[in-house]
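Number of protein chains: 2
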Amino acid sequence: MRVRIVVIGDEILLGRVTDTNSGMLARMLDPLGWKVTGVTVVGDDADRMRTAISNALDDADIVLTTGGLGPTRDDITKQVLAGIFGGGMRHDADVLANAERIMNARGLKINDLTRTQAIVPESATVIQNPCGTAPVMMFSRAEKTLVAMPGVPFETRAVFPASVLPALMERYPSAAGTIEHRTLMLTGIPESSVAEILAPWEDAQPQEVHLAYLPSYGVIRLRVDTIGPRAAELADKAHAELAEILKQYVFATDDVTPAECLLRLLGERGLKVATAESCTGGNIAHTLTLIPGSSASVQGGVVSYANDVKTDVLGVSADTLAAHGAVSIPVAEQMARGAARVCHADVGIATTGIAGPGGATPGKPVGTVCIAVSACGEVVSHTYHFPGERSQVIDRATQSALLMAIRQITR
Amino acid sequence: MRVRIVVIGDEILLGRVTDTNSGMLARMLDPLGWKVTGVTVVGDDADRMRTAISNALDDADIVLTTGGLGPTRDDITKQVLAGIFGGGMRHDADVLANAERIMNARGLKINDLTRTQAIVPESATVIQNPCGTAPVMMFSRAEKTLVAMPGVPFETRAVFPASVLPALMERYPSAAGTIEHRTLMLTGIPESSVAEILAPWEDAQPQEVHLAYLPSYGVIRLRVDTIGPRAAELADKAHAELAEILKQYVFATDDVTPAECLLRLLGERGLKVATAESCTGGNIAHTLTLIPGSSASVQGGVVSYANDVKTDVLGVSADTLAAHGAVSIPVAEQMARGAARVCHADVGIATTGIAGPGGATPGKPVGTVCIAVSACGEVVSHTYHFPGERSQVIDRATQSALLMAIRQITR
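Protein chains in written order, with my numbering: chain A, 1 to 411; chain B, 1 to 411.
Honestly, the hints are just simulated from the structure, not real lab data. Hints should not be assumed to be uniformly reliable.
Copies of the same chain look alike in the list, so a pair counts if it fits in one copy or across any two.
What the hints assert, rightly or not - List of simulated lysine to aspartate or glutamate pairs, EDC-like, C-alpha gap at most 16 Å: (1) Lys35 / Asp45; (2) Lys35 / Asp61; (3) Lys109 / Glu191; (4) Lys109 / Glu196; (5) Lys272 / Asp308.
None of these values were measured; they are calculated from a predicted model.
Chain A extracted, bound-state conformation:
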């Protein structure tokens, strides 16, 4: 099945909001072997919406639209779809009841504007939206289907797997293909070197095996995609071969982030972790605690931006601070030990550095970050020089700290 996604909204085109819906939908379609062949973003403009939807219907079996279903005046998708699929508009009592329920649950009374959500095209089959006032609408033309969904990611994420996908699978019962993915997580090697190492291996692969490189800060996600009747067997074989060829760079053989990998290792070993963050400002703790169940291994941490927090809360020596400066290996090591001690943890992860744009000193340019990991009493540390602007330095320092902790625990 070929799926096209049309994302509607001036706010996306203007770059004020980033579209995350299309990726979310692609990830949910992927296990069925249904392929997203293109994503088109258009503004709240009837002509461009019509062109994008017509092109998508020509090309794909299924078209999914998100956005443009709110009650405000710039939301015109419903009218455009009624124009494309024919017929007039009708009032839907169930949609009104759902909208009233949603507004009541938010402690609000429904107003006239929100009441207009219940006006839907006659050509649409309505799917109730459990999380919002805008109805999800399904349209058919010959063998093709269009589903219009709201733009709020929370609503689409709730309604798509629960109601839309089952309805589509019912409509196309024979279309479940076979596609398999396997992932290796690599660190300590650039993408081009992996590609060079793997060139002979890639040349020897059959057509059904495809390799994708997905690099991010300090990490390459290497994904094997296989398709066809032998997909699972080929994927397992390729995965095992790649894990062997690249073994010195592999930190996980499944699709996990460094944070997920670290939490899993801590859980297996019954270890607790604490953080002491200066330049990463809480991002390491945030990255870990974003993961469900992290409270089993995360004791807590200290964000020690000011020097007196480093000394008074973490117990860093004022003499060490004076002698080496806040951005130094001795301070990072005392922070890591201090975090583990005051938070009663086995592992302490510490960062101190210059995220920029200000703060550089002679010999310590922006991007200089000292990272230390204290694991069961033993401390390792390293000074990094990260490129990029503030948010990138913070992200790279965070991922590097997590990878350092993984290495320290597994060595």
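Given chain A, work out where chain B should sit, using these hints.
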């Protein structure tokens, strides 16, 4: 000028990576009045790439592509562009020198695969990429221009404003339109109620004035866009009128996030802030410290996931914890006071709650979050019930805590 963006890469279509380049480009084009009329995402597939690029060239004056320029085998954009614009390939010594410089700066030796970056279409004018090995390439057809840029956001963000935009402005000197934006930041009111309040005002506006609602957790960004010779005057008038009509909901009259607004208020008043985070796990500290210059007002904070961190680091009373539970107003208030005290700050912001999916208890469902703000000795607090999954509860609690701190400081 009409601009179309074509985003290239299987990883985007599969939803493994979210496209942030198109929004970034749109935000940089916006001040010129150059409008992005559509974004198309295609995979690493020559036919689909050709179709998307041809359609974009038909529709727009300028086409920007991102992605597909890496040295690995799935990156085929260069070949496709040579096919579209004609001519063969040539070797570019400057691109090779740049690639060698980049690899050396990373402490790596250039390999044969990376050397292929220096092979470029004869029809392309090369713009050097200061941050990566892939060259930026500019192509012309009649009055139209296509610029191919790398997919790595860091590289595109660096090269676009510095080199690509000036080259485009030089090519189209008369195309600087006049467009103005003004923003109001609102909290404490749903989008539909704002729209209902503003309906008569909107009806009275001239064609050149357009209103956009950009809601996110607990906040609505209300943007006035005006166009034409009177753009600035109309924008100022509309902005002042809206600020008056909505004054009880406005927390800022410019385009700032709650975190930016809070840091500005703290700076103006010479106040220092500290955080005590349980369920938000460091995200409040991270959100604040992501902003350049935040170290002037942020002392630090404590992530007190475990109860013994709440008692031992923040000084929360064990009796209070036993009597009320960790998720309670008394604990939140002691955490806020404790953060301010141990981090030597004037303002303490604390959260304790159940982010889910586990952890719910009778009477305290997932999404229950107690937030307290201690400002100069006085404490306010509130229990919220946030909908959504873990990451949404964390985000909503973070924004609500920042807004509570803004209200407490400005009241």
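Outcome of the hint check:
no., hint, result
1, Lys35 / Asp45, "between (27 Å within a copy, 13 Å between copies)"
2, Lys35 / Asp61, "within (10 Å within a copy, 31 Å between copies)"
3, Lys109 / Glu191, "between (55 Å within a copy, 13 Å between copies)"
4, Lys109 / Glu196, "between (63 Å within a copy, 13 Å between copies)"
5, Lys272 / Asp308, "between (26 Å within a copy, 13 Å between copies)"
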